[in-house]
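Construct the entire structure; sequences and hints are all you get.
Read off the chains here:
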Amino acid sequence: MDVLSNLALGFGVALTLKNLAYCFLGVFLGTLIGVLPGIGPLVTIAMLLPITFGLDPVSSLIMLAGIFYGAQYGGSTTAILVNMPGEVSSAVTAIDGYQMARQGRAGPALATAAMASFVGGILSTLIVAFFGPLVGRWALEFGAAEYFSLMLMGLVFSAVLSHGDLVKALAMVVIGLLLGIVGTDVTSGLPRFSFGIPELLDGVGFTVVAVGLFAVSEIVLNLARNEKVEVFAKDVKNLMPTWADMKAAAMPTLRGTALGSFFGALPGITASVAAFSAYMLEKKLAKDPSRFGHGAIEGVAAPEAANNAAAQTHFIPTLTLGIPASAVMALMLGALTMQGIQPGPQVMTSKPELFWGLVASMFVGNVLLLVLNLPLVGLWARLTQVPYRWLFPAILVFACVGNFSLNNSAMDVYLCAAIGVLGYVFAKLDCQPAPLILGYVLGPMLEENLRRALLMSDGSFAVFVTRPISLAFLVVTALILLAMVLPGLRRRRELAVEEAAG
Amino acid sequence: MNRRIARAATAALATLAFAIPGLAFAQAGYPDKPVRLIVPFPPGGGTDIISRIVADKLSTTLGWKVVVENKAGAGGTLGLDAAAKSKADGYTLVMAQTSNLSIAPSLMPGLPYDPVKNFTPVTLVDAAPLAITVGASSPIKSMADLVAAAKAAPGKLLFASPGNSTVAHLTGEYFQKVAGIKYTHVPYKGTAQALPDVISGRASFYVASLESAMPQVKAGQLRAIAVTSAKRVAQWPDVPTVAESGYPGFEAITWFGIAVPAGTPDAIVARLNAEITKVLAMPDVKERLGGELTTGPAAFTALIKSDHDKWAGVIKEAGIKTQ
Chain Y
0 MDVLSNLALG FGVALTLKNL AYCFLGVFLG TLIGVLPGIG PLVTIAMLLP
50 ITFGLDPVSS LIMLAGIFYG AQYGGSTTAI LVNMPGEVSS AVTAIDGYQM
100 ARQGRAGPAL ATAAMASFVG GILSTLIVAF FGPLVGRWAL EFGAAEYFSL
150 MLMGLVFSAV LSHGDLVKAL AMVVIGLLLG IVGTDVTSGL PRFSFGIPEL
200 LDGVGFTVVA VGLFAVSEIV LNLARNEKVE VFAKDVKNLM PTWADMKAAA
250 MPTLRGTALG SFFGALPGIT ASVAAFSAYM LEKKLAKDPS RFGHGAIEGV
300 AAPEAANNAA AQTHFIPTLT LGIPASAVMA LMLGALTMQG IQPGPQVMTS
350 KPELFWGLVA SMFVGNVLLL VLNLPLVGLW ARLTQVPYRW LFPAILVFAC
400 VGNFSLNNSA MDVYLCAAIG VLGYVFAKLD CQPAPLILGY VLGPMLEENL
450 RRALLMSDGS FAVFVTRPIS LAFLVVTALI LLAMVLPGLR RRRELAVEEA
500 AG
Chain L
0 MNRRIARAAT AALATLAFAI PGLAFAQAGY PDKPVRLIVP FPPGGGTDII
50 SRIVADKLST TLGWKVVVEN KAGAGGTLGL DAAAKSKADG YTLVMAQTSN
100 LSIAPSLMPG LPYDPVKNFT PVTLVDAAPL AITVGASSPI KSMADLVAAA
150 KAAPGKLLFA SPGNSTVAHL TGEYFQKVAG IKYTHVPYKG TAQALPDVIS
200 GRASFYVASL ESAMPQVKAG QLRAIAVTSA KRVAQWPDVP TVAESGYPGF
250 EAITWFGIAV PAGTPDAIVA RLNAEITKVL AMPDVKERLG GELTTGPAAF
300 TALIKSDHDK WAGVIKEAGI KTQ
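Residue numbers (numbering that gives the first Met the number 0), protein chains in the order written: chain Y, 0 to 501; chain L, 0 to 322.
If you're looking for bench data, these hints aren't it; they were derived computationally from the structure. Among the hints, a few may not be true.
In the SDA-like style, the derived pairs of lysine to any residue whose C-alpha atoms are separated by at most 20 Å in a straight line are [claimed, not checked]:
1) L:K181 <-> Y:G458
2) L:K320 <-> Y:L454
3) L:K188 <-> Y:R450
4) L:K56 <-> Y:Q338
Quick list of simulated restraints, FRET-style, between CB atoms [claimed, not checked]:
5) L:Q234 <-> Y:T348: 15 to 21 Å
6) L:P111 <-> Y:V396: 26 to 32 Å
7) Y:R388 <-> L:K86: 39 to 45 Å
8) Y:Q345 <-> L:A280: 26 to 32 Å
9) L:D237 <-> Y:T348: 18 to 24 Å
10) Y:I468 <-> L:A151: 28 to 34 Å
11) L:E316 <-> Y:D457: 20 to 26 Å
12) Y:Q345 <-> L:G312: 38 to 44 Å
13) L:P264 <-> Y:S349: 45 to 51 Å
14) Y:V385 <-> L:K277: 52 to 58 Å
15) Y:L222 <-> L:E316: 56 to 62 Å
In this text, all values refer to a predicted model and were calculated from it rather than measured experimentally. The beta-carbon is built from N, C-alpha and C at its ideal position, and this holds for glycine as well.
As structure tokens, then:
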């Protein structure tokens, strides 16, 4: 078989001592920066870019890719341990992961995250290897109408995400939408809510919002609480998940992988959307959805599998179409360009050792990450016993460095602090930050694609139902709505009947 | 790393001592600390790549320590503003380009810097035409086809661009005016978003930098129907220019050039110009950058001015506003 011989070629490249070393370096660095809130793969790869000049293209690509997906592993660590997602895509892992840690199950949570990431990573790399070009061509079918309907489905689905007060969750989604609108409008080119501040013309950055909302506000919250109360991880004896845990996590991991692989292959959709969707799906499918938000292991396994799967399939549009699926991918293509390689669809055929070497290295890298992360679980779990007076200043420093270095802009640090204050207020009002992030991510995409679809169809809404993929999403959205509304109606009717009877 | 710095330092000393004693004397010891090259766009993009090629060559051949600092935001104006407000001592350079120096003044009334008063141009380093492309299965095969299609259905053709008020957008508007036709502008957030729609034919045609369209054209997913430079480009000898397609005089390019804050000593500007010109003449750099450039400060200044007038006219006529 063709793919197998290509993979053999790839492993030949990836398993040389030199490339193994670069792969290890990449995933190790990735894990490390993944753990730190604020410092993400984007900043790291940007900083390492000049160094890769001296390497040969395959090695540099293997290392940079390792940083990218390695960060997806590391991101869950701080999310679980201290409720501060190291990467934006692990924000959703924090919801149940942190609760597990509070119940003294930090070890199983971390191990589950690592194993789910591993499964997600390996399976989706298989997809990249066997179906890459096919999936790539299919992703081309996604235009503005398809994206709009997909986003709409996501936003409707997000009502499921909330635990607690539905009205508060909706309010948070709206605040997220507003936050996402800040900056220059893509369609008209006009600035919105930028108040004449040039730094706001590009909007409020993703990292700025996530770090402010999760890390900074969490630190402030903890300062307000009594430190003793929060040292919950005294018992870190059982590090590995039990057999029952594994069984509970198995299907969510597979479903998360499938969702993650799907979203990752679409240019312009981030790993965080994949993680959110996987979480929402699990909550919807669960027999007892009320466990979510209180330490459900599925709530850790599914999003972690999804974000890592998305990280791997993200390479599909990048490598098979030459279309970078995200800022990090653009950076990697930039690295190739600087090496004198014209990135694009022809790279696969003209430089097979590059494409297949990278794919093979993703298998190797995921194995390395598992080997690296499982033994670290014990070490990380003990991190929760580090007094917060040491831990928090360190995290805050990293958060500032990360925010500053994205654009070399002090404004981002101030903004992050301001959003931290906002996050504190939200927490005091018992409002969940996750719906806000979702609104912030999906809102602008929803709007942009709606307006572009209508611009291209000359104002006709028919475009959403005449295009089959778009129609399919809309039908599913309608079904979800129906499924959400019906039980509620029935319950209300039963209640009414009871009341009438009583 | 340390060894590299040491080697760099030795090379620097050698250069200063022997290579060009006259100039070294004029600005004794320049540069004796790292030189910062502000790139007003994020790492990995076109401007960044060009900047790093130049910075890398200056560092390796002269032993200078040229540090690329990405200061992105507000379409590059943040980076330019930071450079304008830096010390004019020769240790801050900025990679400026068409949109920041020639277009921004007509678009942004509140622009915090004056492209002419606040900067001293050092040299142009790259000039790239734009490419007009269509999806591989599009019936449009030439500019004549494009114009005919637009005339047959005014306003129905969809013109994709990588963003509002980019050079690509303005070029599309400019052509609309020159050819007397009407199409609908569909702005995207960068090339990556636009490409799927153009490749699949959902958008009728696409105007963007040659560099960004090249891989897709090579792979047969896009077809180039014209380039916007005055002459055909070496990479695509078969692709005609817009000018020779029946619109003589039509020219639209994006250029990139290094500038320093106004007030930088003339001797340093001359030194920078001399060294960068040398870098640009190296065969491996020539392969990547260039076009037909005149590299003197005077030519650069003239280009800033003439492009300013050209784009100001287009912006006014198309009624483009950003505030």
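Among the hints numbered above, which are violated by the structure, and what are their numbers in rising order? none
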